[in-house]
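Protein sequence lines, in the order shown, are assigned to chains A and B. Here the working numbering is used: position 209 in the first sequence is 209, and no number is missing along the way. Here the working numbering is used: position 102 in the second sequence is 1102, and no number is missing along the way.
Don't read these hints as lab results, they were simulated from the structure. These numbers come from a predicted model, not from an experiment. Keep in mind that the hints are not guaranteed to be accurate.
Stated by the list, open to error - Okay, derived cross-link-like pairs now, EDC-like style, lysine to aspartate or glutamate, Cα gap no bigger than 16 Å in a straight line:
{"no.": "1", "chain 1": "B", "residue 1": "1035", "chain 2": "A", "residue 2": "394"}
{"no.": "2", "chain 1": "B", "residue 1": "1034", "chain 2": "A", "residue 2": "58"}
{"no.": "3", "chain 1": "A", "residue 1": "57", "chain 2": "A", "residue 2": "307"}
{"no.": "4", "chain 1": "A", "residue 1": "193", "chain 2": "A", "residue 2": "260"}
{"no.": "5", "chain 1": "A", "residue 1": "3", "chain 2": "A", "residue 2": "59"}
{"no.": "6", "chain 1": "A", "residue 1": "94", "chain 2": "A", "residue 2": "287"}
{"no.": "7", "chain 1": "A", "residue 1": "412", "chain 2": "A", "residue 2": "380"}
{"no.": "8", "chain 1": "B", "residue 1": "1077", "chain 2": "A", "residue 2": "58"}
{"no.": "9", "chain 1": "A", "residue 1": "401", "chain 2": "A", "residue 2": "419"}
{"no.": "10", "chain 1": "A", "residue 1": "93", "chain 2": "A", "residue 2": "75"}
{"no.": "11", "chain 1": "B", "residue 1": "1034", "chain 2": "B", "residue 2": "1021"}
{"no.": "12", "chain 1": "A", "residue 1": "371", "chain 2": "A", "residue 2": "403"}
{"no.": "13", "chain 1": "A", "residue 1": "371", "chain 2": "A", "residue 2": "359"}
{"no.": "14", "chain 1": "A", "residue 1": "401", "chain 2": "A", "residue 2": "359"}
{"no.": "15", "chain 1": "B", "residue 1": "1075", "chain 2": "A", "residue 2": "202"}
{"no.": "16", "chain 1": "B", "residue 1": "1035", "chain 2": "B", "residue 2": "1021"}
{"no.": "17", "chain 1": "A", "residue 1": "178", "chain 2": "A", "residue 2": "148"}
{"no.": "18", "chain 1": "B", "residue 1": "1086", "chain 2": "A", "residue 2": "59"}
{"no.": "19", "chain 1": "A", "residue 1": "401", "chain 2": "A", "residue 2": "370"}
{"no.": "20", "chain 1": "A", "residue 1": "193", "chain 2": "B", "residue 2": "1021"}
{"no.": "21", "chain 1": "A", "residue 1": "57", "chain 2": "A", "residue 2": "380"}
{"no.": "22", "chain 1": "A", "residue 1": "412", "chain 2": "A", "residue 2": "382"}
{"no.": "23", "chain 1": "B", "residue 1": "1075", "chain 2": "A", "residue 2": "201"}
{"no.": "24", "chain 1": "B", "residue 1": "1035", "chain 2": "A", "residue 2": "59"}
{"no.": "25", "chain 1": "A", "residue 1": "263", "chain 2": "A", "residue 2": "287"}
{"no.": "26", "chain 1": "B", "residue 1": "1034", "chain 2": "A", "residue 2": "59"}
{"no.": "27", "chain 1": "A", "residue 1": "355", "chain 2": "A", "residue 2": "403"}
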Amino acid sequence: MMKIDVAIIGGGPAGLAAAIGARRAGIQNVLILEREAYLGGILNQCIHNGFGLHTFKEELTGPEYAERYVLQIEEMGIPYMLNTMVLNITRDKKITAANSGGLLEIEAGAVILAMGCRERPRGALNIPGTRPVGVYTAGTAQKYVNLDGYMPGKEVVVLGSGDIGLIMARRLTFEGAKVRAVIELMPYSGGLKRNIVQCLDDYGIPLKLSHTVTEIKGAPRLAGVTVAQVDENRKPIPGTEEYIPCDTLLLSVGLIPENELSKSADVLLSDITGGAVVNERLETNVEGIFSCGNVLHVHDLVDFVSEESERAGENAAQYVRGEHLSNKDGGGVRLLATNGVRYTVPFTIDPRNVKDKVDVRFRVDNVYRDKYVSVYFGDEREQRRRRMILTPGEMETVVIKKEMFLKYPGVKTITVTIEE
Amino acid sequence: MQKEIICISCPMGCRMSVTLDAGKVSQVTGATCKKGVDYAELECTNPMRIVTSTVPLSGSPLNTLPVKTQHAIPKDKIMDCVRSLKGITAKAPVAAGDIIVENVCGIGVNIVATRSSV
Ligand SMILES: Cc1cc2nc3c(=O)[nH]c(=O)nc-3n(C[C@H](O)[C@H](O)[C@H](O)COP(=O)(O)OP(=O)(O)OC[C@H]3O[C@@H](n4cnc5c(N)ncnc54)[C@H](O)[C@@H]3O)c2cc1C
Ligand code: SF4
Chain A
1 MMKIDVAIIG GGPAGLAAAI GARRAGIQNV LILEREAYLG GILNQCIHNG FGLHTFKEEL
61 TGPEYAERYV LQIEEMGIPY MLNTMVLNIT RDKKITAANS GGLLEIEAGA VILAMGCRER
121 PRGALNIPGT RPVGVYTAGT AQKYVNLDGY MPGKEVVVLG SGDIGLIMAR RLTFEGAKVR
181 AVIELMPYSG GLKRNIVQCL DDYGIPLKLS HTVTEIKGAP RLAGVTVAQV DENRKPIPGT
241 EEYIPCDTLL LSVGLIPENE LSKSADVLLS DITGGAVVNE RLETNVEGIF SCGNVLHVHD
301 LVDFVSEESE RAGENAAQYV RGEHLSNKDG GGVRLLATNG VRYTVPFTID PRNVKDKVDV
361 RFRVDNVYRD KYVSVYFGDE REQRRRRMIL TPGEMETVVI KKEMFLKYPG VKTITVTIEE
Chain B
1001 MQKEIICISC PMGCRMSVTL DAGKVSQVTG ATCKKGVDYA ELECTNPMRI VTSTVPLSGS
1061 PLNTLPVKTQ HAIPKDKIMD CVRSLKGITA KAPVAAGDII VENVCGIGVN IVATRSSV
């Protein structure tokens, strides 16, 4: 049995920053476990630029951003194991992993979950029709093109306007494919505005909002899809059907945190985020097990992943050293997300653990223009900020300051809400 | 003339209002930083993009090498630039920042590697 103070599951940007955070906070015995043959996670296939402006003050591609962190890991001499798949974690923080050397048993002082997320598969969509070759998730296609170096097809329809789909529409155009359309069920895109400008508008690729794919045709290879407009209940409107011939359909319909392992450790998951229910220290309901990055909630900016994860690493270090207030005594103030705010991370804040402030991240359920984001302590409105636009595709932040807690001693709930 | 544009210089995606007078930018509002103002001026007069792609990589455990234009290039040169990468194979070892193609399409910008490989 190997003994590790802080064990980190996953070597993507979250895992790397968490390891750096734990080491900076004085823990020597840190170990990263990564199932792939390299560190950096999903960033290795995100070859486009747009990463890291907030952290490095320059615009990097995914692999460049990852390399900065990998270099720091090497310089700090932080150990990692590649090609090592974590199979199980128990609530008393025993980890089972497998690699070419066989099974590995690790007893950890603290565990940081940093497994990232996976894509919603086709099965979750239920489109009638054949099951032909040529239907892929956008991320799988991204891996084929950017890492393996081959093209999934020549005539492409993208279903879902998530960022990966938008980025792949441009990428496949570069490689000579014809992207016929991007089809989005909702009346707005879930992707970042800059990706719509840069990946679709630049190349004249149509974005069909309030549309869906109603049928998939062709066997054994995809021959085309039928798309139709949908009404306000997202039901196809008869008579609006249009057949688009294509040999490739990419699905970009959302990401789900990869939490199978967390379940084995009895970590409580949120129905809304699909990630762990964490407190202000990013600690789950299981003491000493922390969560950060896309496994906690889906991020669009890697800068926030790194920042959040470094804190998770510092907090895990504190836990290992015993300088940590237990969350068992119910000292936490509950955060409530209401009126268009879908969720907050963290879910609770223990005011005793707040040094100067807590960044509370949240997402909204719709597009809102010229509204106010308000924060209530109990029934008292403490903060009200005007926002020109709020969209589901972009993560938002409210800052809860230490002095606010001093103003409302004994407060039980903090509500984040959208108001006129 | 009034133009609404979105800054794409960083993931913040600030929404800006640009006032154009006789084809020249006279006012930009809504930008969080100077980069946004610069972008608005370029986007409304001479739009530029950083282009990213991959080329095959030989002599490495990796199949492909991700690359980018070292600086932004004119938007109407993007497709020329990606087409000119066809047929180019990089050789390992390579370090991020190494020049893979010099002066691509004669526009005075190099194509550089964005990943290192032994
Ligand atoms: C297509 C796409 C485009 C994006 N574009 C941008 C952008 O333009 N700008 C920006 O700032 N951000 C962007 N992002 C977001 C950013 O890349 C992610 O938020 C970030 O990579 C998440 O980091 P992570 O470490 O949580 O997850 P990941 O990068 O997914 O890393 C998780 C790691 O855990 C490993 N792992 C999982 N399970 C196990 C296990 N059981 N055992 C061992 N290892 C395991 C995985 O192999 C992986 O390496 C984009 C994301 C995607 C998917
Ligand atoms: S104005 Fe500055 S902060 Fe805003 S998107 Fe542009 S570069 Fe980013």
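Hints, verified against the model:
The hinted pair formed by residue 1035(B) and residue 394(A) fails the criterion: a straight-line CA distance of about 20 Å is larger than 16 Å. Between residue 1034(B) and residue 58(A), the direct Cα distance comes to roughly 13 Å. Compliance with the 16 Å bound is thereby established for this hinted pair. Distance restraint check for residue 57(A) and residue 307(A): the Cα-Cα separation of roughly 14 Å lies within the 16 Å cut-off, and the hinted pair is therefore satisfied. Restraint check for residue 193(A) and residue 260(A): the C-alpha separation of about 32 Å exceeds 16 Å, so the hint is violated.
With a C-alpha separation of about 39 Å, the suggested pair residue 3(A) and residue 59(A) falls outside the 16 Å cut-off, and the hint is violated. For the proposed pair residue 94(A) and residue 287(A), the alpha carbon gap of about 13 Å is at most 16 Å, so the pair holds. A threshold of 16 Å between alpha carbons decides the hint, and for residue 412(A) with residue 380(A) the separation of about 12 Å falls inside it, so the pair holds. A threshold of 16 Å between alpha carbons decides the hint, and for residue 1077(B) with residue 58(A) the separation of about 23 Å lies outside it, so the pair is violated.
The suggested pairing of residue 401(A) with residue 419(A) is violated, with an alpha-carbon distance near 21 Å, which exceeds 16 Å. Note on residue 93(A) and residue 75(A): the hinted pairing is violated, with a Cα-Cα distance of about 28 Å set against a maximum of 16 Å. Restraint check for residue 1034(B) and residue 1021(B): not satisfied, since their Cα atoms lie roughly 20 Å apart, outside the 16 Å limit. At most 16 Å may separate the alpha-carbon atoms for a hinted pair to count; residue 371(A) and residue 403(A) exceed this at roughly 26 Å.
Using a Cα cut-off of 16 Å, the hinted pair residue 371(A) and residue 359(A) is violated, with the two alpha carbons roughly 20 Å apart. For the hint linking residue 401(A) to residue 359(A), the alpha-carbon distance of about 9 Å falls within 16 Å, and the restraint holds. Between the alpha carbons of residue 1075(B) and residue 202(A) the distance comes to roughly 8 Å, so the proposed pair stays at or under 16 Å and holds. Annotation: proposed proximity of residue 1035(B) to residue 1021(B) is violated, straight-line Cα distance about 21 Å (limit 16 Å).
The hinted pair formed by residue 178(A) and residue 148(A) fails the criterion: a straight-line CA distance of about 20 Å is larger than 16 Å. With a CA separation close to 25 Å, the supplied pair residue 1086(B) and residue 59(A) exceeds the 16 Å bound. Taking the CA atoms of residue 401(A) and residue 370(A), the gap is near 25 Å; set against the 16 Å cutoff, the hint is violated. Proximity of residue 193(A) to residue 1021(B) is assessed by CA-CA distance (about 26 Å); at most 16 Å being required, the pair is judged violated.
For a cut-off of 16 Å, the pair hint linking residue 57(A) to residue 380(A) is broken: about 38 Å separates their Cα positions. Using a Cα cut-off of 16 Å, the hinted pair residue 412(A) and residue 382(A) holds, with the two alpha carbons roughly 14 Å apart. Proposed proximity of residue 1075(B) and residue 201(A) is supported: the alpha carbons are some 12 Å apart, at most 16 Å. Only pairs whose Cα atoms come within 16 Å are accepted, and residue 1035(B) paired with residue 59(A) is accepted, the gap being roughly 11 Å.
Of the supplied pair hints, the one linking residue 263(A) and residue 287(A) holds, its CA atoms being roughly 14 Å apart against a limit of 16 Å. Taking the CA atoms of residue 1034(B) and residue 59(A), the gap is near 15 Å; set against the 16 Å cutoff, the hint holds. For the given pair, residue 355(A) sits about 10 Å from residue 403(A) by alpha-carbon distance, which is consistent with the 16 Å threshold.
Hint compliance for this structure: hints 1, 4, 5, 8, 9, 10, 11, 12, 13, 16, 17, 18, 19, 20, 21 are not met, and every other hint is.
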